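K.L.:
Listed below, chain by chain, are the residues.
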Amino acid sequence: MVSGLLSLPQERVDQLLATYARAVARRRRQFYLVLAVLALLATVAGRYGEVDLAYLLQHFSNFTSYFGRILPTLTFTHFAADMADWYWNLSGWLKLLVDTILIAYLGTLIGTLGAFATAFLTAQNTAPNPYLLFAVKRFHEFCRTVPDIVFALLFVAAFGLGPLPGILAIGIHSLGTLGKLFTEVVENIDMKPVEGVRSTGGNFVETVRFAVVPQVLANFASYALLRFEINVRSGTVIGFVGAGGIGQDLFVAIRKFYYTDVSAILLMIIVTVVLFDLISERIRHHLARLESDR
Amino acid sequence: MTPNRTFLPSTPEVLARYPALAAAARRNQVWAAAWLIAALALTVFSFWSLGIAFGQIRSGLSQLGWLVAQMFPPSTGSHFPLLLHAMGETLAIAFLGTLIAATMAFPVSFLAARNTTPGTVIHFLARRCFDTIRGVDVLIWALVFVGVVGLGPFAGILAIAVSDAGTFGKLFSETLETTDRKPIDGVLSTGGSQLLAIRFALIPQVLPVMLSQLLYYFESNVRNATIIGIVGAGGIGLQLSEQIRTYDFDQVAFVIIMILVTVAAIDWVCGKLRFHVIGRST
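Chains as they are written, first to last, in the working numbering: chain V, 1 to 294; chain R, 295 to 576.
If you are wondering where the hints come from, they were derived from the structure by calculation, not from laboratory data. Remember, predicted model here, so these are calculated numbers, not experimental data. Treat the hints loosely; a few may be bogus.
Taking lysine to any residue and the SDA-like style, the derived pairs with C-alpha atoms no more than 25 Å apart in a straight line are [stated by the list, open to error]:
1) R:Lys464 / V:Ala288
2) V:Lys256 / R:Gly444
3) R:Lys464 / V:Leu267
4) V:Lys137 / R:Gly359
5) V:Lys137 / R:Ala558
6) V:Lys192 / R:Ala319
7) R:Lys464 / R:Pro502
8) V:Lys95 / R:Ser343
9) V:Lys137 / R:Glu513
10) V:Lys95 / V:Pro72
11) V:Lys137 / R:Arg568
12) V:Lys180 / V:Gly160
13) V:Lys180 / V:Glu229
14) R:Lys566 / V:Leu40
15) R:Lys464 / R:Gly359
16) V:Lys256 / V:Met83
17) R:Lys464 / V:His286
18) V:Lys256 / R:Thr426
19) V:Lys256 / R:Val456
20) V:Lys95 / V:Gln124
Construct all of the structure, not just a fragment, from the sequences and the given hints.
P.N.:
Right, here's the structure in full:
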């Protein structure tokens, strides 16, 4: 028994199948074209990037043995002594780790305050002046496009070694990214309270304070926390260029092949980063709930 | 023109009329004050603990002013071809790094997605593995790979590939988890195997999203690839750190402008491509 679905005339079926085949063939052609372009680009990039697969394969054992070598020798019988040996500089590293977190905190604080002070100037719906909007927006763009480590390099040249250039570098970069995010938050607010305050004769500052800030504060806090999370991560590497934090000890350990130190510091960094991720995620979920309850 | 306020009750009167509102406002104020004091205390503690002196800030700012003044006018230092080549290296690092990262992460992400994983233990392990890789900054990976394959852009490619494999693994598996189950049931109900279900029901759902994520991370990797040269892993960062070390700030300014222009151009191209990818599939 032929089902109702197949009772089309044969020529119509052929027609439909041909259309289908053509559509599939076109998609395939497109797919292979994209693949060919990718392969071509990869070859060119490989040439530029000095990719040497033979070298990598030959020295691949280097790579695996590197991770073998950075692992400490821990034995069950002398576990405490081995741990003490592995973390021989625990107090020093902990101090640097605390430094890293404080650098991230101060950097986030600078970025948040700066972004808070400027976001109302760059949001389309609250901006008092279009030229100011344009100028501040370009400033935000500049701050977030130049990587924080480049700022750190420059500031180390100006301020000397230490945590100060790191704080400023992270702060300026955060100002750029948070400025953009805060602006978008402000652009998405409900405009009715703003009209209300304006209609009673409120000026720019009053409008922002009583109509905008109450709507955006939870989102701002959530983005600032997210940035703090990222900055803890950045804080671990700005020490590479002498801008403070645990990075400087890690740099020395990797460069001078103090293998077990590398794993000891890396483990501390990973645990810290994951811990701060979890805490800030908790708080951000809480803030999101506050936001949706409102 | 001052508003006539004589008809309005004074603030204390209003507050006395609505005690519940007044109490809530008071509670909010107390909380805000507590947060401010805590933040301020932490700030003071940070300054003290990090040993930041205000004298350092003042002298540093004047030094910074001098340094910025040195940047104008920007100059190529008569090795523009070298800088162009370094920029090419940077783009190559970002492109290959992203491509390899995505290729490595794609199959593993199926193990880490709750709806396609073969078992809870594997799901958990894959997840933690991605988290660990992501916990290490790309610059650290670059430093490690310089130790393994030596100085040069190849170390940079490997660093970005490994570091982003963690990120892609997480993103891809989350994308897989948001897919619709019905097309899969459809394929399975016609007698298709698990593999066919993935190919014809799952991948068409996730591919556009993944491609868009890929483009987004290519953009971000162009930024990353500009800095990993600072630790010797190739690209424009090497030139940049050299010039800062030798105080050639006019050339530093030129390189920064080059980076800004390149990043803007790549963002523009990727934006177009992303629109094309998402637009076509919906």
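K.L.:
A separate judgement is required for each hint: does it hold in the structure or not?
P.N.:
Checked hints:
1. For the hint linking Lys464 of chain R to Ala288 of chain V, the alpha-carbon distance of about 22 Å falls within 25 Å, and the restraint holds.
2. For the hint linking Lys256 of chain V to Gly444 of chain R, the alpha-carbon distance of about 14 Å falls within 25 Å, and the restraint holds.
3. At roughly 20 Å between alpha-carbon atoms, Lys464 of chain R and Leu267 of chain V fall within 25 Å of each other, so this suggested pair holds.
4. For the hint linking Lys137 of chain V to Gly359 of chain R, the alpha-carbon distance of about 23 Å falls within 25 Å, and the restraint holds.
5. Note on Lys137 of chain V and Ala558 of chain R: the hinted pairing holds, with a Cα-Cα distance of about 14 Å set against a maximum of 25 Å.
6. A hinted pair counts as satisfied when its Cα atoms are at most 25 Å apart, and Lys192 of chain V with Ala319 of chain R qualifies at roughly 21 Å.
7. A C-alpha spacing of about 17 Å is found between Lys464 of chain R and Pro502 of chain R, which places the hinted pair at or below 25 Å, so the restraint holds.
8. Taking the CA atoms of Lys95 of chain V and Ser343 of chain R, the gap is near 10 Å; set against the 25 Å cutoff, the hint holds.
9. The suggested pairing of Lys137 of chain V with Glu513 of chain R holds, with an alpha-carbon distance near 20 Å, which does not exceed 25 Å.
10. Between the alpha carbons of Lys95 of chain V and Pro72 of chain V the distance comes to roughly 22 Å, so the proposed pair stays at or under 25 Å and holds.
11. A hinted pair counts as satisfied when its Cα atoms are at most 25 Å apart, and Lys137 of chain V with Arg568 of chain R qualifies at roughly 24 Å.
12. Simply put, Lys180 of chain V and Gly160 of chain V have alpha-carbon atoms about 30 Å apart, too far for the 25 Å limit, and the pair is violated.
13. With a C-alpha separation of about 17 Å, the suggested pair Lys180 of chain V and Glu229 of chain V falls inside the 25 Å cut-off, and the hint holds.
14. About 21 Å separates the Cα atoms of Lys566 of chain R and Leu40 of chain V, which keeps this hinted pair within 25 Å; it holds.
15. Among the hinted pairs, Lys464 of chain R with Gly359 of chain R is inconsistent with the structure: their alpha-carbon atoms are about 43 Å apart, more than 25 Å.
16. A distance of roughly 21 Å separates the Cα atoms of Lys256 of chain V and Met83 of chain V; the hinted pair therefore holds under the 25 Å criterion.
17. Pair hint Lys464 of chain R plus His286 of chain V holds up; C-alpha atoms about 22 Å apart against a cutoff of 25 Å.
18. This hinted pair checks out: Lys256 of chain V and Thr426 of chain R have alpha carbons roughly 24 Å apart, not beyond 25 Å.
19. Between Lys256 of chain V and Val456 of chain R the alpha-carbon distance is near 23 Å, which keeps this suggested pair within the 25 Å criterion.
20. Pair hint Lys95 of chain V plus Gln124 of chain V does not hold up; C-alpha atoms about 44 Å apart against a cutoff of 25 Å.
Hints 12, 15, 20 from the earlier list are contradicted by this structure; the remaining hints agree with it.
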